[in-house]
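Listed below, chain by chain, are the residues.
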Amino acid sequence: MKAQAEKQIPGYFGDFGGQYVPEMIMPALQQLESEYASARRDPGFQEQYESYLKEYDGRPTPLTFAARLTEAWGGAKVYLKREDLNHTGAHKINNTVGQILLARRMGKVRIIAETGAGQHGVATATVAALFGMECVVYMGEEDMERQSLNVFRMGLLAAEVVPVESGSRTLKDAINEAFRDWVANLRNTYYIFGSTVGPHPYPTIVRDFQRVIGREAKQQILAKEGRLPDLCIACVNGGSNAIGLFHEFLNDPEVGLVGVEAAGDGIDTPRHAATLTLGTRGVFHGSHMYLLQDDDGQVHPTHSISAGLDYPGVGPEHCHLKDSGRARYGCATDREAVAAFQELARLEGILPALESAHALAQAKKEAARMGRDGIIIVNLSGRGDKDCRQVSRYLESHGQNSAESTRGPDGAESPGAGGGV
Amino acid sequence: MNRLVQRMKKLKGKGDKAFIAYIMAAEPSWEAVLSIILELERVGVSAVELGVPFSDPIADGPVIQAAANRALARGVTLNEIFDRIGAIREQTDLPILLMGYWNMFLKYGRERCIETAHSAGVDGFIIADLPPEADPVFFQLARDRDVCTVLLAAELTPEDRLKRIIAATSGFLYYVPQAGITGLELKAGEAVEQRIRLIRSLTDTPICIGIGVKTREDAQKLGRYADGVIVGTRIVEFMHNQEGKPDLPQRTARFVAELIP
Numbered sequence: 000m001k002a003q004a005e006k007q008i009p010g011y012f013g014d015f016g017g018q019y020v021p022e023m024i025m026p027a028l029q030q031l032e033s034e035y036a037s038a039r040r041d042p043g044f045q046e047q048y049e050s051y052l053k054e055y056d057g058r059p060t061p062l063t064f065a066a067r068l069t070e071a072w073g074g075a076k077v078y079l080k081r082e083d084l085n086h087t088g089a090h091k092i093n094n095t096v097g098q099i100l101l102a103r104r105m106g107k108v109r110i111i112a113e114t115g116a117g118q119h120g121v122a123t124a125t126v127a128a129l130f131g132m133e134c135v136v137y138m139g140e141e142d143m144e145r146q147s148l149n150v151f152r153m154g155l156l157a158a159e160v161v162p163v164e165s166g167s168r169t170l171k172d173a174i175n176e177a178f179r180d181w182v183a184n185l186r187n188t189y190y191i192f193g194s195t196v197g198p199h200p201y202p203t204i205v206r207d208f209q210r211v212i213g214r215e216a217k218q219q220i221l222a223k224e225g226r227l228p229d230l231c232i233a234c235v236n237g238g239s240n241a242i243g244l245f246h247e248f249l250n251d252p253e254v255g256l257v258g259v260e261a262a263g264d265g266i267d268t269p270r271h272a273a274t275l276t277l278g279t280r281g282v283f284h285g286s287h288m289y290l291l292q293d294d295d296g297q298v299h300p301t302h303s304i305s306a307g308l309d310y311p312g313v314g315p316e317h318c319h320l321k322d323s324g325r326a327r328y329g330c331a332t333d334r335e336a337v338a339a340f341q342e343l344a345r346l347e348g349i350l351p352a353l354e355s356a357h358a359l360a361q362a363k364k365e366a367a368r369m370g371r372d373g374i375i376i377v378n379l380s381g382r383g384d385k386d387c388r389q390v391s392r393y394l395e396s397h398g399q400n401s402a403e404s405t406r407g408p409d410g411a412e413s414p415g416a417g418g419g420v
Numbered sequence: 000m001n002r003l004v005q006r007m008k009k010l011k012g013k014g015d016k017a018f019i020a021y022i023m024a025a026e027p028s029w030e031a032v033l034s035i036i037l038e039l040e041r042v043g044v045s046a047v048e049l050g051v052p053f054s055d056p057i058a059d060g061p062v063i064q065a066a067a068n069r070a071l072a073r074g075v076t077l078n079e080i081f082d083r084i085g086a087i088r089e090q091t092d093l094p095i096l097l098m099g100y101w102n103m104f105l106k107y108g109r110e111r112c113i114e115t116a117h118s119a120g121v122d123g124f125i126i127a128d129l130p131p132e133a134d135p136v137f138f139q140l141a142r143d144r145d146v147c148t149v150l151l152a153a154e155l156t157p158e159d160r161l162k163r164i165i166a167a168t169s170g171f172l173y174y175v176p177q178a179g180i181t182g183l184e185l186k187a188g189e190a191v192e193q194r195i196r197l198i199r200s201l202t203d204t205p206i207c208i209g210i211g212v213k214t215r216e217d218a219q220k221l222g223r224y225a226d227g228v229i230v231g232t233r234i235v236e237f238m239h240n241q242e243g244k245p246d247l248p249q250r251t252a253r254f255v256a257e258l259i260p
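Going down the list, the protein sequences come from chains U and L.
Heads up, the first sequence is in numbering that gives the first Met the number 0, so the first residue is 0 and it goes up one at a time.
Heads up, the second sequence is in numbering that gives the first Met the number 0, so the first residue is 0 and it goes up one at a time.
Incorrect hints may have been included.
Think about it this way: if two alpha-carbon atoms lie no more than 25 Å apart in a straight line, the pair counts; the simulated SDA-like pairs of lysine to any residue are [as the list claims (entries may be wrong)]:
(1) Lys106(L) / Arg270(U)
(2) Lys107(U) / Leu155(L)
(3) Lys213(L) / Ala183(U)
(4) Lys107(U) / Ala190(L)
(5) Lys106(L) / Gly13(U)
(6) Lys162(L) / Arg186(U)
(7) Lys106(L) / Asp14(U)
(8) Lys213(L) / Asn184(U)
(9) Lys220(L) / Ala183(U)
(10) Lys106(L) / Thr268(U)
(11) Lys162(L) / Gln29(U)
(12) Lys162(L) / Gln7(U)
(13) Lys106(L) / His299(U)
(14) Lys107(U) / Glu154(L)
(15) Lys106(L) / Phe137(L)
(16) Lys106(L) / Tyr11(U)
Rather than coming from a laboratory, the hints here were simulated on the basis of the structure.
Based on the provided sequences and hints, a complete structural model is requested.
What follows is the structure in structure tokens.
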């Protein structure tokens with residue numbers, strides 16, 4: 000198509016992606032695209048970005064060998080890419096540091112963002128505070144209740160958190176509201192998108208700022224093992240931590256790539272967020288993607304114990320990787336994720352974010368199928384302090400306390416409805 | 000000839016301005032909507048935009064989103080909307096446009112959508128999140144069946160992009176005079192006039208201004224340089240406030256009549 004050929008950065012990943020937005024937003028996307036294209040070529044910009052990653056964010060993050068976990072699972076060696084050790088406790092800040100530098104380059108003075116679990120909101124509020132910029136974060140009311148600690152953190156960081164009462168009162172509705180704000184304030188406002196979804200060029204920008212995860216992991220595994228891993232595993236919702244890890248390995252065919260979505264109560268129930276597993280093609284939030292929707296094209300409400308995996312769409316690049324067969328996608332239930340959360344705490348002394356616990360649940364199945372000479376890298380995208388209340392409630396409502404739970408029904412072979420891949 | 004194109008032509012010939020009213024499908028009921036359309040025609044509305052309710056209407060403000068949610072709760076489908084318009088066509092030739100979001104039409108099927116629209120008597124589509132380059136096949140199918148595709152142009156749309164929009168729009172061009180979504184306050188002035196003059200130098204297609212038009216004074220002012228105005232939020236809000244009144248169609252028509260300059 001002519002319009003695509005004119006683009007400075009490709010706007011599609013195979014059939015997926017594009018710019019399906021109201022015309023009022025289009026000038027802002029075009030400005031963003033051309034500014035980003037020039038920043039990408041500018042060594043000064045890249046240097047500045049890397050310097051903030053090092054000096055402020057605390058990168059590189061370690062690649063930790065999980066010895067006791069490996070032993071317990073009885074299969075492949077498991078390494079954890081420790082994105083939980085980033086400043087603010089998740090991979091999200093890799094992206095917000097990059098985008099706020101872009102916002103400054105564009106002369107914007109006001110920052111807006113959406114947030115689901117609150118991690119992206121915190122990471123945005125953090126860099127806005129760092130640069131002294133006004134910051135407004137849209138967050139679904141239900142998510143605010145689930146993640147009250149992060150709401151408090153954003154307040155401390157001088158961001159205004161706006162509760163979103165419309166729709167399902169979760170991430171998708173927060174994105175709707177952020178778009179509305181942006182349309183009304185295009186001239187002075189930069190919208191820091193948190194994941195690899197949304198209209199072009201966001202899926203590319205966010206991916207590029209998350210690629211540091213895979214670049215580091217590749218060097219680290221080569222230094223430790225002298226070879227590439229057999230599998231990279233990461234949780235997927237919008238998909239930014241997963242694409243950040245995967246991208247560096249796309250041209251290494253011997254490395255398998257596995258994304259893990261939230262199966263919620265199980266994919267045989269209506270309460271899940273397994274978009275790549277059960278979704279159909281559609282257009283949502285500006286992009287052509289797989290989508291959980293009904294026969295009339297209305298977007299489905301989703302469910303996951305993890306607020307950060309509770310989005311009915313998925314990044315267009317993941318849709319393409321699924322269709323091309325380069326990556327495969329599975330899902331883990333709430334139950335499996337909570338069990339993995341507990342297991343990592345007990346065996347490695349690390350509380351993973353519930354999002355990342357989905358990747359661990361999948362890794363457990365994969366490791367057991369592989370020989371002891373196999374190598375898996377799991378992206379530990381964030382830390383789980385924010386999820387303690389949620390996990391404690393889950394355990395209570397399922398008649399467990401955290402001390403006995405790993406011996407309970409969640410412990411060993413979980414029959415959960417989260418499909419294999 | 001397409002009813003909308005014909006109506007716009009006729010208005011221009013007489014030196015009159017178009018007044019286009021937006022209401023939500025099936026809200027508060029199909030019976031009310033159908034008689035409101037007839038009443039609106041009676042008080043001089045030039046065309047009706049019927050909102051197709053969508054779960055995630057990013058270009059709409061809270062008033063229209065709430066109306067969409069009420070309609071969705073009633074289980075409205077696109078197929079039903081086509082059926083109802085097909086039925087009302089026996090009683091009126093008022094141009095009727097569907098305004099909605101691309102995913103619903105895409106899910107329905109491009110070809111099926113245009114064919115059904117054509118046979119039901121839908122005169123055009125306004126798809127808030129479908130820019131002209133996003134789906135050339137849909138625009139071509141619509142052209143082949145003489146169904147209008149009304150595109151939006153915004154305050155900050157650059158001139159090269161305006162040309163692309165103008166090439167794909169039919170019926171009229173929907174001009175949004177300010178950054179914002181439905182339901183915002185209008186700031187009309189010299190800037191709007193200049194933009195309209197620029198667009199006029201590029202096309203003969205009629206230009207209607209929407210988003211932010213709330214009063215008769217707004218409509219009057221904008222009518223001086225545009226070919227018409229579109230009012231949505233005010234009407235949807237009024238209808239919701241009057242819900243349950245047995246003479247809602249007549250009340251709505253009287254309310255709208257007051258807005259027409």
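Results of checking the hints against the structure:
This hinted pair checks out: Lys106(L) and Arg270(U) have alpha carbons roughly 22 Å apart, not beyond 25 Å. As the CA atoms of Lys107(U) and Leu155(L) are separated by approximately 16 Å, the hinted pair is consistent with the 25 Å bound. The hinted pair formed by Lys213(L) and Ala183(U) meets the criterion: a straight-line CA distance of about 17 Å does not exceed 25 Å. Among the hinted pairs, Lys107(U) with Ala190(L) is consistent with the structure: their alpha-carbon atoms are about 23 Å apart, no more than 25 Å.
Among the hinted pairs, Lys106(L) with Gly13(U) is consistent with the structure: their alpha-carbon atoms are about 19 Å apart, no more than 25 Å. For the hint pairing Lys162(L) with Arg186(U), the CA-to-CA distance comes to about 23 Å; that is within 25 Å, so the pair holds. Restraint check for Lys106(L) and Asp14(U): the C-alpha separation of about 16 Å stays at or below 25 Å, so the hint holds. Our distance criterion of 25 Å between C-alpha atoms is met by Lys213(L) and Asn184(U), whose separation comes to about 21 Å.
Distance hint between Lys220(L) and Ala183(U) is fulfilled; the C-alpha atoms sit about 22 Å from each other, no more than 25 Å. For the hint pairing Lys106(L) with Thr268(U), the CA-to-CA distance comes to about 23 Å; that is within 25 Å, so the pair holds. Between the alpha carbons of Lys162(L) and Gln29(U) the distance comes to roughly 16 Å, so the proposed pair stays at or under 25 Å and holds. Only pairs whose Cα atoms come within 25 Å are accepted, and Lys162(L) paired with Gln7(U) is accepted, the gap being roughly 20 Å.
Distance restraint check for Lys106(L) and His299(U): the Cα-Cα separation of roughly 14 Å lies within the 25 Å cut-off, and the hinted pair is therefore satisfied. Note on Lys107(U) and Glu154(L): the hinted pairing holds, with a Cα-Cα distance of about 19 Å set against a maximum of 25 Å. A distance of roughly 13 Å separates the Cα atoms of Lys106(L) and Phe137(L); the hinted pair therefore holds under the 25 Å criterion. A threshold of 25 Å between alpha carbons decides the hint, and for Lys106(L) with Tyr11(U) the separation of about 20 Å falls inside it, so the pair holds.
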